[in-house]
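Position chains S, V and D against the provided structure of chain Z, taking the given hints into account.
Protein chains: 4
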Amino acid sequence: MQPLESCSWVRQAGPLWQQATTARFLDALADGSLPAETFHRWLAQDYYFADALNSFQAIALAKTPRDLRKPLLQGLVALGAEMDWFESVAATSGVNLGVAQHPICRHYCDFLLRVAYIESYPILLMVLFGVEASYLAAWSRLRPGGPYLDFIRRWSSPEFAEYVSSLRALAEQHPRESSQAYFEEVLNHERDFWTMAWEG
Amino acid sequence: MQPLESCSWVRQAGPLWQQATTARFLDALADGSLPAETFHRWLAQDYYFADALNSFQAIALAKTPRDLRKPLLQGLVALGAEMDWFESVAATSGVNLGVAQHPICRHYCDFLLRVAYIESYPILLMVLFGVEASYLAAWSRLRPGGPYLDFIRRWSSPEFAEYVSSLRALAEQHPRESSQAYFEEVLNHERDFWTMAWEG
Amino acid sequence: MQPLESCSWVRQAGPLWQQATTARFLDALADGSLPAETFHRWLAQDYYFADALNSFQAIALAKTPRDLRKPLLQGLVALGAEMDWFESVAATSGVNLGVAQHPICRHYCDFLLRVAYIESYPILLMVLFGVEASYLAAWSRLRPGGPYLDFIRRWSSPEFAEYVSSLRALAEQHPRESSQAYFEEVLNHERDFWTMAWEG
Amino acid sequence: MQPLESCSWVRQAGPLWQQATTARFLDALADGSLPAETFHRWLAQDYYFADALNSFQAIALAKTPRDLRKPLLQGLVALGAEMDWFESVAATSGVNLGVAQHPICRHYCDFLLRVAYIESYPILLMVLFGVEASYLAAWSRLRPGGPYLDFIRRWSSPEFAEYVSSLRALAEQHPRESSQAYFEEVLNHERDFWTMAWEG
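Protein chains in written order, with the working numbering: chain Z, -15 to 184; chain S, -15 to 184; chain V, -15 to 184; chain D, -15 to 184.
Same shape as in the complex, but just chain Z (with noise of 0.2 Å):
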């Protein structure tokens, strides 16, 4: 598997990679010095852009040709799976999903559908795959160890490593003229996200 790096959208984007895939809410996160109450924040904020992920995933499915919908559908099967683990993971530390929506996490969503509905699957598939390599990237810079181990694990396992291979791999072989910029807004919103976890 080729380094995230070696991606020409990657190495495009400059400076703004590094900027959406660290973050001091994830060091805190991994060093063991994050305030529960942040932690609950994000976890409620990030289900409701699971949810509209989720959304956003089955609607590339749709419009995706057959011959490349299996990650697609690999990717909504896992994601199902994770909504129902954080659901668990909020149950047993007493998290209330059902706070209100951050306009951050908004925006993020609002993006998301948009483009969903909007465009055409080549530009789907290239945000999908801005979206979870931004966040295999963020998640494997952390030493995994700490009370959120499970977390770090789950997004730096080489399971995900290789959705997000085979994303890019889809992503690579339909590039578009606006591919860039649709990448580099996705890397706009994650920066954004990451902030707004840690400010409130």
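Please keep in mind that the hints were generated in silico from the structure rather than gathered at the bench. Among these hints, one or two may not hold up.
Which copy? The list can't say, so a pair holds if one copy fits it or any two copies do.
[What the hints assert, rightly or not] In silico DMTMM-like cross-links for lysine to aspartate or glutamate, where the CA-CA straight-line distance does not exceed 20 Å:
hint	residue 1	residue 2
1	K54	E156
2	K54	D15
3	K54	E71
4	K54	E66
5	K54	E(-11)
6	K54	E169
7	K54	E143
8	K54	E146
For chains S, V and D alone, coordinates are given in the frame of chain Z:
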């Protein structure tokens, strides 16, 4: 599990239900008299239909609230596997899945995709129930046997009946004023599709 | 203005073009032999069609880049006025516009709305051109006269021809691989609609 | 015509209504102290917004039943003319309408287009009313005068007020549980947009 005939939509559909769930094509398939080329024709058209239904299922999942999504995800996975199976049957039988789409098939697919994009999830649940329930009923009438036993078993199995039952529960929990009209529109398309399968 | 028959899509459509633009219904309408109830049936179905076309036009406008929108807005306004006119003709002739939609009409509307939501604007421009060009050709073949002179004049007028011409220019500037297939699909629906108008 | 402040959605929005309809940008515009480059920045971003709103209006028209479409068509035509006017103002003032879209503007546009494709027409009517009503209120607070008198007059005119009034009637006739939440989401975007216009 309650018999489909106890469902109020089925009862209100009157003779249309029987028209949509009995077919000379199916009788011939079950008694072994179906010409191979008729079966092949159906297979290729049904594959087009399955592809559109797959998109329909995905958009239905995208629009349906999280707590109702489980059966939709299950159906999406099952149809993905079914299309794999169609492809392998076609490959081993020398059936060309790339023949022209029949206008009758196209009308049904246009209907499904129009509804998927335009209607809200309660209608989508109803339409999906209509499609799957009439399929279950049609194949369940047949005596299991003959060269197409695998097909008969697949769509009259307890697992498939269980899936239809869960769709029925969802649809019945979300009735809408236009539900009956949509249910009957599905039955019209089913009836026409079976007629096309037999007559070409 | 170049004759429609010089358009490569028309030429490649072969005999389908003539089938879609000649109709016993229209011949009878022009020579005064059309039964009133046949006219009324057509009017009610065409009103359903106009309603779907209006939605199609609006979505096409929504998807089309700003600098190409002028003819689409013009067409939207013209169709709105045409529907007003249909309503007044229906009111004065005692035609019930609320009769059941015919399956043939429904297939055409499902097609238009499926395409509107799923395809990108170059295909929408092509489909709109196909719909309007075949209508212009069909009505322009008629000798102006008889009780329905207003109808003949409306859809064979220089203004309507000018509008079709501007749609043609847009479609020709944005050809796609599937343009011909979509053009012919429109012609199939037009042919079936005229047959339905005559036969019921 | 009833004052907007009598509208229950406005009253329930509390201080958000004032925040969304007063702006340092507007005060400076009316008292003649607005720097030209600030005006130009706003013009370019507002043009992006108008383009997205135009798509929103078109999709709203496509989804709205025929008998309610008149004000939507009128708004579509008016916005088309307004964009022509923006283009001519930009051309004569040397404003580049092709500058990068500001993230705040993008968030608003993503919101509008997400809602347009996903929600049903009663919500779309509400959102359109929210957009136009807050605009009318914001510009109507200004003393007519100064170099931008044409702008102030346009969006505080009796014609514009009449249009907003007809949208209000439509929205009030089709209330939905989520109407207030959507109305307030519009106001949040309006407030942020005005802040961005001033601060860049």
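State the violated hints by number, sorted upward, taking the hints as numbered earlier in the document. 2, 5, 6
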